[in-house]
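Enquirer: With the hints as extra help, turn the sequences into a complete structure.
Numbering (our numbering), first residue to last: -4 to 644.
One thing to keep in mind: the hints can contain errors.
To be verified - Mimicking SDA-like on lysine to any residue, the simulated pairs with C-alpha atoms at most 25 Å apart in a straight line are: (1) Lys26 x Ile(-3); (2) Lys578 x Val608; (3) Lys0 x Gly187; (4) Lys122 x Gly27; (5) Lys268 x Phe397; (6) Lys572 x Lys596; (7) Lys213 x Leu147; (8) Lys153 x Pro203; (9) Lys359 x Asp289; (10) Lys122 x Asp86; (11) Lys26 x Gly639; (12) Lys538 x Leu629; (13) Lys596 x Val584; (14) Lys20 x Gly179; (15) Lys346 x Phe409; (16) Lys299 x Lys359; (17) Lys359 x Tyr415; (18) Lys277 x Ser170; (19) Lys417 x Leu278; (20) Lys169 x Asp86; (21) Lys419 x Asp289; (22) Lys20 x Ser103; (23) Lys596 x Leu8.
Said to hold, decoys possible - Distance windows between CB atoms, simulated: (24) Asn416 x Ser94: 36 to 42 Å; (25) Asn189 x Pro48: 26 to 32 Å; (26) Pro370 x Gly292: 20 to 26 Å; (27) Asn189 x Ser68: 48 to 54 Å; (28) Asn189 x Gly483: 54 to 60 Å; (29) Val413 x Leu110: 39 to 45 Å; (30) Val413 x Ser170: 26 to 32 Å.
Keep in mind that the hints were calculated from the coordinates and are not lab data.
All values derive from a computational prediction rather than experimental measurement.
All C-beta atoms in this analysis are idealised placements derived from N, C-alpha and C, irrespective of residue type, glycine included.
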Amino acid sequence: LITDKLERATGALTLAPTFFSNHLKVNLNLKGSLSESHFANDGAIASAIQFDPTQPVYANNAFGGYYEWIQGSVPNPNAPRNPVALIRQQDNNGKAARSFGNLQLDYSFHFLPELHANLNLAYDVNKGYGYTRVSSIAAQSASTSGFYGNRLNTERNKISEFYLNYAHTATSIKSRFDATVGYGYYDNSTTGYNFQTFKGTGDVLNTPVFPFSINQNKLLSYYGRFVYTLADKYILSATMRADASSKFAEENRWGYFPSAGFTWRIISEDFMKDSKTFSDLKLRLSYGETGNKDGIGNYEYLSKYYANSNTGQYQIGNTFYNYYSPAAYDPDLKWESTTTYNAGLDYGFAKGRVYGSVDAYYKKTKDLLSTINIPVGTNFSNLLTTNVGNMEVRGIEGSINFAAIKSENTNWDFGFNVAYNKRKVTNLTLNPDPGSKVGAGDITGGTGTTLKYNSVNQIPGSFFVYKQVYNASGAPLEGVYADLNADGVINTSDQYFYKSPDPNFTFGFNTAFSYKKWTISTVLRANLGNYIYDNVSSNFGIKTNVLSPSGIVNNTNSDFLNTNFQSNQFLSDYYVKNASFLKMDNLGVAYNVGRLSKTGKTNMRISANCQNVFVVTNYEGLDPELSSGIDYNLYPRPRTYTLGLNVGF
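Expert: Put into structure tokens, the structure is as follows:
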């Protein structure tokens, strides 16, 4: 977008001294950056899609000389704004100063060198300041005759980690022992300062109730790990973690997460010594539990009140007071936990020129941290963040790598991987209810239009839509949907779950070819079976968008020619479209100049690289790869060209 800009200056310092005859190793890393940004108004993307392209950019009017749809003497509130005006008449600037680094001390004890003590201290501080200013004559802020507001916030992250590690090899019994015990403390906080906002006239638009807000969470961890290796063939490992998060009440603060694994290096067995087929063969089995606390607020378990804005007040005498609303909370909130079972096989053939792995896994998540619907009036809200439901994930992954050519001057390597992954919600309510569903994604258009849901026996985030009916020529019939429950009435009972953004299969491919000093490499990816809801077509691809009842002409989406819809059909499965794709993520060429002189140590390498090279897909939107699964107001993914010159001394 025009006016979008980022300037950044960075600096770094690294020190790695050693002391006491290398018994104490110190690593100090310090980095800092100063950045200045101008953020373009991304609302211009949707406006550019909808705005009539036959109209001029500029006009002789009272709105800064930009063409706008006028109703009387004011901008028409039902018309899209001029996308160039949205950008040019808004200044959104920000400055940030960031400093982060860590100090790591590793000490091997003089009396027992196999025992190491490791201390890691780290910090990350980011201070940001910015302001947003909209011109007093801009159509986008006609109701307030402009806008001005400041923002200031500081993010602080602190880490303190310490562990002891003891590793010992007992050759007499062909064994190796590796034991670790450790501790971690993590403190994350954000301080935001709230300022008054103003109209373009200088009048106060809004006064914050509180001058600042602080959001903080802490995590305390203890862990232990033991690894035993016998005869370099059999490896047993066990780990135990205990984590405490400030996001949960004291009685639920601690979570305990064990894991165990077994590895068998089959290739090291006597019966494999004479194998001419395998160069590597290893079996891996593992079990583990992990905890999750992310995705929820820092104080969801606490009773709290939110101050309402000064537009809602009550009067006592001649004084006006803000009122406070209680918020929903769950005092029994606790850790979400995932149990994973994995079986894997590593293999190698042809003296290591062909190698790869195959893994199968099963994951079960319980006590999902979710926001669910509750009866209106219960717990002060109709939404509650709580532990509810379970989810299963099954998958299989495989990879193969092949060194096709290996010679003194020429090398050519290939790599390929494929994965199949299937997620399913197995429970979603406190009391089992197969028909329950929880909203997981809204679309633009209509009122409260939720399209993605989580529901039992469905992939999370599946689309919940009506089944479109088509005429004999294959065109969709407006407002005609299948009566799936055969009751003679089309209503919400006829909606069904249809597809999801999750791909059925993912593929990856990479290759690198080198000849003497030249190297060329590329990386490709593919998704198969992922679907996207085309919110651009559903919102703009209708006749009333061509010429609205108020006489506004818009740039209608070309999908209107396929449907001839007169009005929006937001919940039709017609707009759920296959977004399978093949992408070349990277293409690079490099030339290794080598030493610049016969006696010197200086060497040089020249490279050229292109990212986001091409996309092959039948999806007609800007990008078939959207984690949200809803295509709207999307900024195109840029293609980046890079030239590099590396000089080593």
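Enquirer: Hint by hint, say whether it matches the structure.
Expert: Now for the hints, and whether the structure bears them out:
1. Lys26 x Ile(-3): Roughly 31 Å separates the two Cα atoms, so the pair is violated.
2. Lys578 x Val608: Within the cut-off at roughly 8 Å; holds.
3. Lys0 x Gly187: Roughly 24 Å separates the two Cα atoms, so the pair holds.
4. Lys122 x Gly27: Judged against 25 Å, a Cα distance of about 12 Å means the pair holds.
5. Lys268 x Phe397: holds (23 Å)
6. Lys572 x Lys596: violated (57 Å)
7. Lys213 x Leu147: holds (23 Å)
8. Lys153 x Pro203: violated (29 Å)
9. Lys359 x Asp289: holds (17 Å)
10. Lys122 x Asp86: holds (20 Å)
11. Lys26 x Gly639: holds (22 Å)
12. Lys538 x Leu629: Between Lys538 and Leu629 the Cα gap is close to 23 Å, so the pair holds against 25 Å.
13. Lys596 x Val584: holds (24 Å)
14. Lys20 x Gly179: holds (20 Å)
15. Lys346 x Phe409: holds (16 Å)
16. Lys299 x Lys359: Violated. Lys299 to Lys359 sits at ~33 Å, over the 25 Å cutoff.
17. Lys359 x Tyr415: holds (17 Å)
18. Lys277 x Ser170: holds (18 Å)
19. Lys417 x Leu278: Satisfied, since the Cα-Cα distance of roughly 24 Å is no more than 25 Å.
20. Lys169 x Asp86: violated (69 Å)
21. Lys419 x Asp289: holds (20 Å)
22. Lys20 x Ser103: holds (9 Å)
23. Lys596 x Leu8: holds (24 Å)
24. Asn416 x Ser94: 36 to 42 Å: Holds: the Cβ-Cβ distance is about 39 Å, inside 36 to 42 Å.
25. Asn189 x Pro48: 26 to 32 Å: violated (41 Å)
26. Pro370 x Gly292: 20 to 26 Å: Roughly 22 Å apart at Cβ, these two residues keep to the hinted range, so it holds.
27. Asn189 x Ser68: 48 to 54 Å: Between Asn189 and Ser68, where Cβ atoms are some 35 Å apart, the hint is violated.
28. Asn189 x Gly483: 54 to 60 Å: 56 Å Cβ-Cβ, so the 54 to 60 Å window holds.
29. Val413 x Leu110: 39 to 45 Å: Holds - the Cβ-Cβ distance for Val413 and Leu110, about 44 Å, lies within 39 to 45 Å.
30. Val413 x Ser170: 26 to 32 Å: Between Val413 and Ser170, where Cβ atoms are some 38 Å apart, the hint is violated.
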